[in-house]
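Chemist: One-letter residues, chain by chain:
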Amino acid sequence: MTTESSAQILTYDPLARRRQIQIIISRIVIYTLLLIGAAVILIPFVWMLSTSLKTEKQLFEWPPRWIPDPVVYKNYWKSWEQLSSIAPGLTFWRIIANTLFITVLAMFAEMFSSAIVAYGFARFRFKGRDVIFFIMLATMMIPGTLTRVPAFLIWREAGLLNTYDPLTLPAWTAWGPAYIFLLRQFFLTIPREMEEAATIDGASTAQIFFYVMLPLVKPAFLAIGVMAFQGNWNNFEAPLIYLNTTQLFPLILSIQFFQQSLSKEAPKWHYMMAMTVMMAAPILVLFFAAQRYFIEGLNVGAVKG
Amino acid sequence: MSDPGAFNSYYPTFLRYIGTAIVLALIIYLTYKGLRKLGVKTEAATGVALITPWLIGRILLTAFPILLSFYLGFTDYNILWDKPKSLQDPLFNYKHALAMKIVTFDKDERVSVAALGKLDAEGPDVLRYRELGNVVIRDKRYVIAATDVFLWKGIWLTLRYAVFSIPLGLLGALGVALLLNQKIKGVGFWRTLYYVPAVLPAAAVALLWFWLFAPNNGLINWALGPIYALLNSEKLGWFSDSNLVMPSFVIMSLWGVFGTNTVILLAGLKNIPPDFYEAAAIDGAGAWVKFRRITIPMLSPALFYNLIMGVIGALQVFTQQAFIPTKREDGWFVNWFLYNEAFNFGHMGYASAVGWLYAVLIIVITLLVFRSSSAWVFYEGSREKEAGGA
Chain A
1 MTTESSAQIL TYDPLARRRQ IQIIISRIVI YTLLLIGAAV ILIPFVWMLS
51 TSLKTEKQLF EWPPRWIPDP VVYKNYWKSW EQLSSIAPGL TFWRIIANTL
101 FITVLAMFAE MFSSAIVAYG FARFRFKGRD VIFFIMLATM MIPGTLTRVP
151 AFLIWREAGL LNTYDPLTLP AWTAWGPAYI FLLRQFFLTI PREMEEAATI
201 DGASTAQIFF YVMLPLVKPA FLAIGVMAFQ GNWNNFEAPL IYLNTTQLFP
251 LILSIQFFQQ SLSKEAPKWH YMMAMTVMMA APILVLFFAA QRYFIEGLNV
301 GAVKG
Chain B
1001 MSDPGAFNSY YPTFLRYIGT AIVLALIIYL TYKGLRKLGV KTEAATGVAL
1051 ITPWLIGRIL LTAFPILLSF YLGFTDYNIL WDKPKSLQDP LFNYKHALAM
1101 KIVTFDKDER VSVAALGKLD AEGPDVLRYR ELGNVVIRDK RYVIAATDVF
1151 LWKGIWLTLR YAVFSIPLGL LGALGVALLL NQKIKGVGFW RTLYYVPAVL
1201 PAAAVALLWF WLFAPNNGLI NWALGPIYAL LNSEKLGWFS DSNLVMPSFV
1251 IMSLWGVFGT NTVILLAGLK NIPPDFYEAA AIDGAGAWVK FRRITIPMLS
1301 PALFYNLIMG VIGALQVFTQ QAFIPTKRED GWFVNWFLYN EAFNFGHMGY
1351 ASAVGWLYAV LIIVITLLVF RSSSAWVFYE GSREKEAGGA
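Read top to bottom, the protein sequences are chains A and B. Just so we're aligned, residue 1 is where the first sequence starts under this note's numbering, counting upward by one. Just so we're aligned, residue 1001 is where the second sequence starts under this note's numbering, counting upward by one.
So here's chain B without its partners, still in its complex pose (with noise of 0.2 angstroms):
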């Protein structure tokens, strides 16, 4: 496409821009002068108008597009098309994303396509099962296949790497934090330094990472030559190799996680107050005692905010995976993998159905994540509420 120049491309996005604000000031306005006509009182007039902004927002950009992929779930629309078409079969993006069956051969026998079938559903497009996995169990083999085979490996690279990625990243932080609550010289120095991979750009570390990891030249792979030489090893691969992928992706995002989960637990640390562990000392508590009964019930708020932000970090992981070219074949995060799904190979209802799949697994997660809470997570408030109550 040609370059319509800095300016021309600028000032009608300005133009609109300062146009956007104008018209939400205009209704946050009229909101307020029609609540009060309608003999709403001024106080609750003022405070819907205020929060108009965000409603108009919401509804338009939030509440209507997930209705909208909720719909488009059930057609046929390629990104190049105006409008999306029916499916004979309205279940069939899901039915797509969801077939799985497993397949027996003999030990010996080749597996072959022809052999694991097609879908049975009416579609635009005739789908085959492809091979996920096998297990051979005695004289059999078992062939898990599936429809879409690079969909379930990016779900088991996102999965694998949010179980390893987090609680290593909760407790790295933990023990830094725990570290940085020590009486030292210069906290501030050393809080900052620790805090600095956070900041940066996910794009730089994904960058900066790809390139220690390189299989011929990077940083990594010469420390580890001695390493390499003893074993009389082949280098490692990282990201180029399938088995090496995911402890690849984690290792590099434990880089980055420390900084701002060690913040947020520090600050936690610094409220215990100091006469806890003063009478838990004087009852003869060890370190250890103090650190299970004490610290961890009052860092547990801290900790559980950081899990909650790193279940929804891990499962959405985008960034990293674009500057960070993957083979297909090991998997892609699913984000990154529903993006090209829409946008590269121009699925749209695929897309939006698989996305509203994947979305429902992020939201179950994420409550059962909520539901242990209450198990684990202290709050001082509500154990003041109970000694008042009694």
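So that you can see chain A by itself, here it is in the shape it has in the complex (with noise of 0.2 angstroms):
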């Protein structure tokens, strides 16, 4: 109502004039520069499925086809027929099934570990737990410079080498102080009477903790699933250092191993597009299907980080 009548006194002010000029000519810069940042933003995208789609010769075409012709499907098996062409057995689907294997064990022992973690912490009193609590977030600072020569003589000296191992059975320990962090800050905001009340009908801590408690923080429980599960695949380093035998490479690793193959005159930048294309693709269906549960966790690490 009174905007309807205030702009309507409006229209007849001079003054009131030329602020709604003013008005339509920030409009006008804000969906300039939104513009702007998109082109920024999906020209490389766009240039990499063009690129993913041409064929070897149309790459060093002057000046760039943006849309190929012939559009190249096969590039996209191509490229892995291609990659095991070198190292025999590592096909697409052993790939995926790698890729898979790591990130899903991984991830899920991360979720459970946090969870039940960040319960002690948010839910038990005892002494020096603000201390432990504090310590735990420093650990976010220490660079990976300092452990990764003694770790890997760790999982040398357990004959784990060159086996998943170093890649998934830490992931118990709860060893992202963020996931921690975020899953605390959930249990925090759940009344205690709910415990209290489970504890009167006679349950368990660990029946209270898988009924009652991750029920409750599900959005959290599964925002740092998503997170995880990006984490994992697309963590380079560990599986860089830790694995030698190219059949088990995960997807990550077998890109750079057939990117280092190539010859720096004829890199076949078709091939590698396709194969960046279908590194991004699952992560980016997950976001459209997750992203609620992305920016949850950005969000709550961002308000008391």
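Do not rely on the hints blindly, as some may be mistaken.
Derived lysine-lysine pairs resembling BS3-like cross-links, with alpha carbons at most 30 angstroms apart [to be verified]:
(1) B:K1083 - B:K1118
(2) B:K1290 - B:K1183
(3) B:K1033 - A:K127
(4) B:K1095 - B:K1140
(5) B:K1118 - B:K1107
(6) B:K1270 - B:K1185
(7) A:K268 - B:K1235
(8) B:K1107 - B:K1327
(9) B:K1037 - A:K127
(10) A:K57 - B:K1235
(11) B:K1183 - B:K1270
(12) B:K1041 - A:K127
(13) B:K1107 - B:K1140
(14) B:K1185 - B:K1290
(15) A:K268 - B:K1327
(16) B:K1140 - B:K1101
(17) B:K1327 - B:K1118
(18) B:K1118 - B:K1085
(19) B:K1095 - B:K1327
(20) B:K1083 - B:K1095
(21) B:K1095 - B:K1118
(22) A:K57 - B:K1327
(23) A:K218 - B:K1270
Don't read these hints as lab results, they were simulated from the structure.
Using the hints, put the two standalone chains together into the complex.
Modeler: Encoded structure:
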């Protein structure tokens, strides 16, 4: 009501007219800037897709062609065939199986161990808890350069190099401080009466955790699930250090192996881009499907980070 | 190495994975029982028991490795050996990394490696000083020499990258966040779009930009074609040009960093109560004053968070460098340099020593940023506390 009437008055007021024009100009500026930003983001994407569908000859066309002619869909499997011709046994399906094996195992272990540890920090008072919690957060600052060599030696001593153990087993020890922090924040918002009621009904701590608390923090639990999936899918450093046999390589390491096998003079960019699209696609799909959780995770981390 | 087959490479790990879970569950249970026996209250015993997985992990896989790498830093340890060898001069690795000197030549004199000399320390190798750079002042040429020039070039690249990429990334994200905070149609769509580069795997971003920046057939050099023609200049080499390695990495990082920072800043902007702006408007504050006196202070915790994350991220660049092979002479990011030192060249003792030095550098820089925060980061909670105290 008020806006309507004020708008009516404004049209007859020369000063307000000027204001309206200002508003229109600012609209134009805002949308122009947004569109420029969108172009900056989208053009590389389009270029990636376009390259992935070209023949090798079209790569060197000048000026570059945006819509490939012919459209070469078969790059999407030819690239993997090319890779398996260098590394026998490293087929597309093998790579996918390797990647999923590592990612799912590590993700699952990270989710559960972080939730258990976060619950311990959130709900039970004990001596030194806050100090330990602070140390836990501070471990985020320890750079990998400090632990990389000795961690490698420990796994070598255990005889577990060139297996998936170093990439999956430590996930059980809640190695992501950010995940613990995020889940703890969520646990803290749950009223204590929930647990007290369950205790009176005779539930054990384990039962309370799995049947009462975990369902209540589901959004945060799924948020760290999404982040952990993304983190393990994208993890490059650990597979690079611990895996030697090409047949064990996950996607990201296979692509790097392929890149290194190509000569500098004739980098097969159409194949490289097809592989890149396939590496990025699952993460993008996950992002569009579970966007809420991505953003949730970011925001909770930010409020008190 | 031969292929063990898919099944044979999965199931042993899977068994040990299940085993680890069972052992940890047992440890949680036994810790609880043990503490109860010792007369600890139920609540405290449960709490301690629940965090044991984290404790065990950090002791075995963080604290112990840190100490071990401190020890290894004083040894000579090739990756092919079973055991480290002791060094005659325990500080040899540290001297190797840090040794630097300035040698004076006449302006026209040729700089020879022999004239730069050797490192004065007892060690497994004889280390020569090599030229890092030189300056001519009057008739003298001052040559800065170091025993590990690649390390210094790496540090130089990494620090310059941090100094440029972090502030630019923050400013850009702030601009985008302010833009998205306006009353615009389809905020959700724009926010999603701007966030997309941030979810892409770093490796994918690196490969894509390596191709965009390709000197001969890359899209960027094609787009810059008219400018090259106008200036009558050669095409830029980007990642293959010594002077452009750092800017190329910065440009690439800006494309990827906007999203995360923007989402966090946008959440911060949404948290600013509108009455602040209304009150300021009544007092006659203009747009700039509102931005400077309300938006920036209220946003400072989010800016600070982004800054810290930016510092930690920029000083530990790894994957991007792995997918964008630049010349070693142009400097490799320190994290990548150290990986190669340890695992490709096999110098694990040396890599441990430098790893320690670099970790100290990172922590000092991070703490300095933290220290600075009291001067410019504004927490609403603490303001209320002050008001309550007065």
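Chemist: The structure should be examined with respect to each hint, and the outcome stated for every one.
Modeler: These are the hints, each one checked on the structure:
Taking the CA atoms of K1083 (chain B) and K1118 (chain B), the gap is about 28 angstroms. The hint holds against a cut of 30 angstroms. Between the alpha carbons of K1290 (chain B) and K1183 (chain B) the distance comes to roughly 17 angstroms, so the proposed pair stays at or under 30 angstroms and holds. As the CA atoms of K1033 (chain B) and K127 (chain A) are separated by approximately 18 angstroms, the hinted pair is consistent with the 30 angstroms bound. Distance hint between K1095 (chain B) and K1140 (chain B) is fulfilled; the C-alpha atoms sit about 27 angstroms from each other, no more than 30 angstroms.
Restraint check: the Cα-Cα separation between K1118 (chain B) and K1107 (chain B) comes to about 22 angstroms, which is no more than 30 angstroms; the hinted pair holds. For the suggested pair K1270 (chain B) and K1185 (chain B), the alpha carbons sit about 16 angstroms apart, so the restraint of at most 30 angstroms is met. For the proposed pair K268 (chain A) and K1235 (chain B), the alpha carbon gap of about 22 angstroms is at most 30 angstroms, so the pair holds. With a CA separation close to 29 angstroms, the supplied pair K1107 (chain B) and K1327 (chain B) stays within the 30 angstroms bound.
A hinted pair counts as satisfied when its Cα atoms are at most 30 angstroms apart, and K1037 (chain B) with K127 (chain A) qualifies at roughly 17 angstroms. For the given pair, K57 (chain A) sits about 22 angstroms from K1235 (chain B) by alpha-carbon distance, which is consistent with the 30 angstroms threshold. Restraint check for K1183 (chain B) and K1270 (chain B): satisfied, since their Cα atoms lie roughly 12 angstroms apart, inside the 30 angstroms limit. For the suggested pair K1041 (chain B) and K127 (chain A), the alpha carbons sit about 11 angstroms apart, so the restraint of at most 30 angstroms is met.
Of the supplied pair hints, the one linking K1107 (chain B) and K1140 (chain B) holds, its CA atoms being roughly 5 angstroms apart against a limit of 30 angstroms. About 24 angstroms separates the Cα atoms of K1185 (chain B) and K1290 (chain B), which keeps this hinted pair within 30 angstroms; it holds. Between K268 (chain A) and K1327 (chain B) the alpha-carbon distance is near 20 angstroms, which keeps this suggested pair within the 30 angstroms criterion. This hinted pair checks out: K1140 (chain B) and K1101 (chain B) have alpha carbons roughly 16 angstroms apart, not beyond 30 angstroms.
For the hint pairing K1327 (chain B) with K1118 (chain B), the CA-to-CA distance comes to about 25 angstroms; that is within 30 angstroms, so the pair holds. At most 30 angstroms may separate the alpha-carbon atoms for a hinted pair to count; K1118 (chain B) and K1085 (chain B) meet this at roughly 23 angstroms. For the proposed pair K1095 (chain B) and K1327 (chain B), the alpha carbon gap of about 25 angstroms is at most 30 angstroms, so the pair holds. In summary, the hint linking K1083 (chain B) to K1095 (chain B) is supported, as the alpha carbons are separated by about 22 angstroms, within the 30 angstroms threshold.
A distance of roughly 12 angstroms separates the Cα atoms of K1095 (chain B) and K1118 (chain B); the hinted pair therefore holds under the 30 angstroms criterion. Straight-line distance between C-alpha atoms of K57 (chain A) and K1327 (chain B) comes to about 28 angstroms, which keeps the hinted pair within the 30 angstroms bound. With a CA separation close to 24 angstroms, the supplied pair K218 (chain A) and K1270 (chain B) stays within the 30 angstroms bound.
Against the hints set out earlier in the document, no violation occurs for any number.
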